[in-house]
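J.: Spelled out, the chains give:
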Amino acid sequence: MTATKGATEIKGLRDIRSMRSSGRCPILRLQSSAYLTLYMLRAEKERLDKEAAALKRRRQAIERRLEEIQAQMQRLERSVRAEGPKESSTRTGPERTWRTFSLRY
Amino acid sequence: MIEELTTVIKPGPVPDFVETAFVKDLTERALGYIRAGFPVHFRGASGTGKTTLALHVASRLGRQVILIHGDEQYTSTDLVGGEYGYHLRKVVDRFVSRVLKVEENMIRRWVDNRLTVACKYGFTLVYDEFTRSRPEANNILLSILQERVLDLPVGRGGEESYLRVHPDFTALFTSNPEEYAGVHRTQDALRDRMVTMDLDHFDEETEIAITQAKSGLARKEAERIVKVVRAVRASDVCEFGPTIRGAIMIARSLAVLNGHAKGSEDLFRQVCEDIVVSETNRVGTRGNRAKVRELVRTFVRQYSQGDAR
Ligand SMILES: Nc1ncnc2c1ncn2[C@@H]1O[C@H](COP(=O)(O)OP(=O)(O)OP(=O)(O)O)[C@@H](O)[C@H]1O
Ligand SMILES: [Mg+2]
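Chains as they are written, first to last, in my numbering: chain A, 634 to 738; chain B, 208 to 516.
Treat the hints with care, since some could be wrong.
Unchecked claim - Derived DEER-like restraints, expressed as beta-carbon distance ranges:
id, chain 1, residue 1, chain 2, residue 2, range
1, B, 341, A, 685, 48 to 58 Å
2, B, 279, A, 735, 22 to 32 Å
3, A, 712, B, 369, 28 to 38 Å
4, B, 405, A, 714, 53 to 63 Å
5, B, 371, A, 712, 36 to 46 Å
6, B, 496, A, 730, 46 to 56 Å
7, B, 279, A, 712, 34 to 44 Å
8, A, 699, B, 346, 55 to 65 Å
What the hints assert, rightly or not - Some chain B residues flagged as far from chain A (calculated, every beta-carbon gap over 12 Å):
id, residue
9, 223
10, 251
11, 342
12, 404
13, 427
14, 430
15, 442
16, 470
17, 485
18, 509
19, 512
Hints listed in this document are in silico derivations from the structure and should not be mistaken for laboratory results.
A quick note: this is a predicted structure, and the numbers were derived from the prediction, not measured.
Virtual Cβ for every residue (Gly too), placed ideally from N, Cα, C.
The whole structure should be built from the sequences, with the hints applied where relevant.
T.: Rendered as structure tokens:
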């Protein structure tokens with residue numbers, strides 16, 4: 634994979650606090666009320682809860698798939714091994730005989 | 208870790224292969240360049256006998272032949288080889304005393320392709336219509352032809368990353384400069400490393416001999432067919448003139464239809480018209496078709512004069 638790194642793949646970038654989570658509110662202090670702040674915090678919490686749940690589901694799916702792959706690889710490696718060693722047949726010297734195909738022009 | 212999935216070709220002439228002075232001269236010159244160490248490139252329009260000649264020269268070299276047809280889709284992996292599937296490798300660790308440690312793991316399996324096989328065993332490569340492949344795919348040939356080393360992509364399971372080209376390895380190329388659609392211009396660097404022989408249509412004698420050999424018609428009749436075909440070709444009416452293939456088709460069709468290439472036979476004129484029109488009209492505009500038909504009729508009449516009526 635030589636694709637350029639997305640912002641999410643750069644280590645540490647995710648951890649930089651956004652304006653909101655750093656506690657500074659873009660709306661002027663003067664106009665804010667406790668209700669408004671509460672509303673905004675509730676909205677953010679809901680969003681983050683949803684995100685966390687989605688991540689949890691994704692993690693479970695990845696783990697399931699990894700287990701499947703592991704099992705499938707073991708099965709295939711066993712059956713390939715059971716077919717017997719083919720090692721010697723792959724390395725033949727220049728004396729090997731060729732399948733020839735005669736072509737009339 | 209090398210495995211080849213290649214079938215080699217043993218070319219040989221058909222019984223009706225014709226070797227006139229013209230063909231012999233081309234063959235001998237090409238063989239000379241090859242003996243001098245240069246790959247040969249036959250360049251010519253469709254039907255000038257490039258492919259046949261390349262196979263003939265290859266057969267004269269007496270080595271096994273690897274045949275590749277240029278293809279837009281080719282990558283150098285198609286020529287050189289690549290990883291195909293998996294291969295189980297046993298690793299026996301002899302350094303662990305007494306206990307023989309056998310470790311098995313799956314590694315990717317490398318499969319050589321035709322070009323690698325030809326370089327390794329000194330076969331003759333016939334690369335037909337090589338300009339149809341993209342230049343990037345053909346780049347691999349530069350070092351093969353010049354330094355006689357084949358650069359192999361990495362990942363070839365523990366093998367060296369380059370391969371010395373066998374001294375008997377030779378390459379023959381063909382290309383058609385007329386074709387533009389889907390054809391890439393020969394890269395200059397590649398063309399610089401080969402001797403290009405421009406082929407024109409065969410001389411009249413050779414065309415007559417081929418037409419006769421491929422149809423079994425009498426010499427006089429083959430002659431008449433070839434004269435008509437050559438006259439149409441020399442006229443400027445067709446964008447693509449009729450080739451030796453046209454002459455062979457006319458002769459064979461006549462033979463099958465029990466006809467004869469004689470002015471007294473309507474069939475001769477009809478077959479000539481059909482085949483020449485079909486061979487020369489690639490786009491098929493009505494006006495041009497009619498012009499070619501008229502031309503064929505004139506030449507058939509002209510070359511059949513003096514026939515017994
Ligand atoms: N020396 C020969 N003896 C007999 N037949 C021949 C000879 N040379 C060529 N021909 C015939 O002439 C026809 C055209 O030859 P060939 O296919 O080699 O042409 P080409 O230049 O490769 O054409 P294209 O560009 O269309 O591939 C074929 O039918 C072939 O059998
Ligand atoms: Mg050809």
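J.: Quick one: which hint numbers does this structure break? Sort them smallest to largest.
T.: The structure breaks hints 8, 9; every other hint is satisfied.
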